[in-house]
Amino acid sequence: MRAAAGSRIGAYLHLAWFAGSRHRQLRRPLLRDQLQRQIYGAGVTALPVIGILALLTGAAVTTQLSALTGADSDLTQRMIFLGLFFELAPLLSALVVVARSSAGIASELAVMNLHDEFVTLRRLGVPAADFLLLPRIFGLIIALPAVTICFQAFAVGSGWLATALFEGRPLAETAARFLDFADPGLALLSLAKSALTGAAVGIIACHHGSSGKGSTQAISGAAIQAVGTGLIAVFMVDVAFAVLLYALG
Amino acid sequence: MKTAEALQASVAERRLSLSAGGCLRLMLPLDEGGRHRLVAGDAAAAQRVVAALECCPGVGVLAGSGGLLGAMTVAENFALALRYDADADDVRDWDRELEAALQLCGLAPERIAALGRERPMNIERTERWTIGFVRCLLRPPELLVIDRLFAGLPRRQADALIAVEAIYHRRHPFRPVLFVDLDSHELPALPDCRTLTRLAEPAETPCHC
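Going down the list, the protein sequences come from chains A and B. Letter by letter, the first sequence follows residues 2 to 250 of the numbering used here. Letter by letter, the second sequence follows residues 11 to 219 of the numbering used here.
The hints are simulated quantities; they were obtained by calculation from the structure and are not laboratory data. From a predicted model like this one, the values you see are computed outputs, not experimental measurements. Beta carbons are placed, not taken as given, at the ideal position from N, Cα and C, and that holds for glycine. Careful: at least some of the hints might be erroneous.
[Unchecked claim] A short list of chain A residues far from chain B (calculated; beta carbon distances all over 10 Å):
1. R3
2. M80
3. L232
[To be verified] Examples of chain A residues lying across from chain B (beta carbon under 7 Å, computed):
4. L31
5. E118
6. T121
7. R124
8. L125
9. G126
10. V127
[To be verified] So the derived label-pair ranges between C-beta atoms look like this:
11. K214/A / A16/B: 20 to 26 Å
12. I233/A / M131/B: 32 to 38 Å
13. Q26/A / A161/B: 34 to 40 Å
Required output: the full structure, derived from the provided sequences and hints.
Listed below in structure tokens is the structure:
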């Protein structure tokens, strides 16, 4: 069991090293097209779900916090920034992307593996790993922070609106108080967290999709493994950043 | 099939050699062109032969299905095959060359116009193979291995594809083609076939190993 987990982590690290060392290949026009497709698939098409989820989360969190801490509380704004903006937005965005894209990437690659399309690509003179894995991994690295920014904007906007409605305070004043607590460094750190999560999710999905046995069962198996392990990776990155933030004071 | 398990292919001095179990079974000069045929006893043996040949530099394999990616359109398949490694200063007009090659292989202009948007899965097998063949025609490997083209193909269609394949020899007279086929009573004859190797039979060249 431990050996299997060790070899799997080794395979993830190997794929991460591969992606890092081959990223220049994305300058090729055909790979850039693939990258844009992945960003569109993982990012742009996720926006309706992200938008609705962010609006509801922002309103719910702000209302609960207002009820707990009382009106006119700086604590509410501080918690909106740290809890919602820094913590929940990257986490929920990553969960949406894992649910939508991770299974999609893994099963798509597993189907290609089943139909020997990796071999077909090689015979076309195209390195299969470059063409299939790089755009998917880097697509998520770019798409997830972009999705997170949208989530943060929608969630904080709906939070301000909820505060303005329930506490009867002008929207501009709520926004100004929030911005007083907003730390640009933490905002950037939240995006770095999203990018790292995107890398982890992409690497895990690509590994499970491309390393299956080439059978029909392997397709569902790859999707299940990618989502399950992807979720664990999302929370591990989240905890790592929380610890980092705590250590930095 | 003890011999087929230890297949080894290598290229040296412009010659490709294929050994089975340490015995030389096939030697192909890479700059003389022409058709060659290798007949394997079963699908697994044929697959091993192709896998061994594929490891050699300069060897291109064209599968019986045409070797196209099912998830992409025909145009995207061509773009990938022809432009992936193209230099920035490559001034060849691939679109025009492609159209001319497809016409040369017998496709009507209106069919060519519609073909780009279609997915390989929806195209009839012989046409799919012809499309894959056109890719090899435009970017010829040093040795083209045609993998089990005639398996399950009616005689009339097989003869039509042999006629299409003849274009390759006219266009690239010094590039050889190796047909890897399965041992079958229905196997069509290849005109001007220079060598015929049956993998299950003892090698023509005495083996002293």
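Do the hints match the structure? See the list:
At the 10 Å boundary, the C-beta of R3/A stays outside the reach of chain B, the nearest C-beta of that chain being 35 Å off. For M80/A, the shortest C-beta to C-beta distance to chain B comes to about 46 Å, beyond the 10 Å cut-off, and the non-interface label holds. For L232/A, the condition that its CB be more than 10 Å from all CB atoms of chain B holds, with the nearest at approximately 27 Å. Interface hint status for L31/A: upheld, as the beta-carbon distance to the closest one in chain B is roughly 6 Å, under 7 Å.
For E118/A, the interface hint holds, the least distance from its beta-carbon to any beta-carbon of chain B being 6 Å, beneath 7 Å. Nearest Cβ of chain B to the Cβ of T121/A: about 5 Å, under the 7 Å cut. The hint holds. For R124/A, the shortest C-beta to C-beta distance to chain B is roughly 5 Å, which falls under 7 Å, so the interface hint holds. For L125/A, the suggested interface contact is upheld, since its CB lies about 4 Å from the closest CB of chain B, less than 7 Å.
The interface hint given for G126/A is met, as the beta carbon of that residue sits about 6 Å from the closest beta carbon of chain B, less than 7 Å. Below 7 Å, beta-carbon pairs count as interface contacts, and V127/A has one with chain B at about 5 Å; its hint therefore holds. The hint said 20 to 26 Å for the Cβ distance between K214/A and A16/B, and at roughly 25 Å that hint holds. For I233/A and M131/B, the hinted distance range of 32 to 38 Å is satisfied, since their beta carbons lie about 36 Å from each other.
For the pair Q26/A and A161/B, the supplied restraint of 34 to 40 Å holds, since their beta-carbon distance comes to about 36 Å.
Figure legend: structure checked against the earlier numbered hints; every hint is met.
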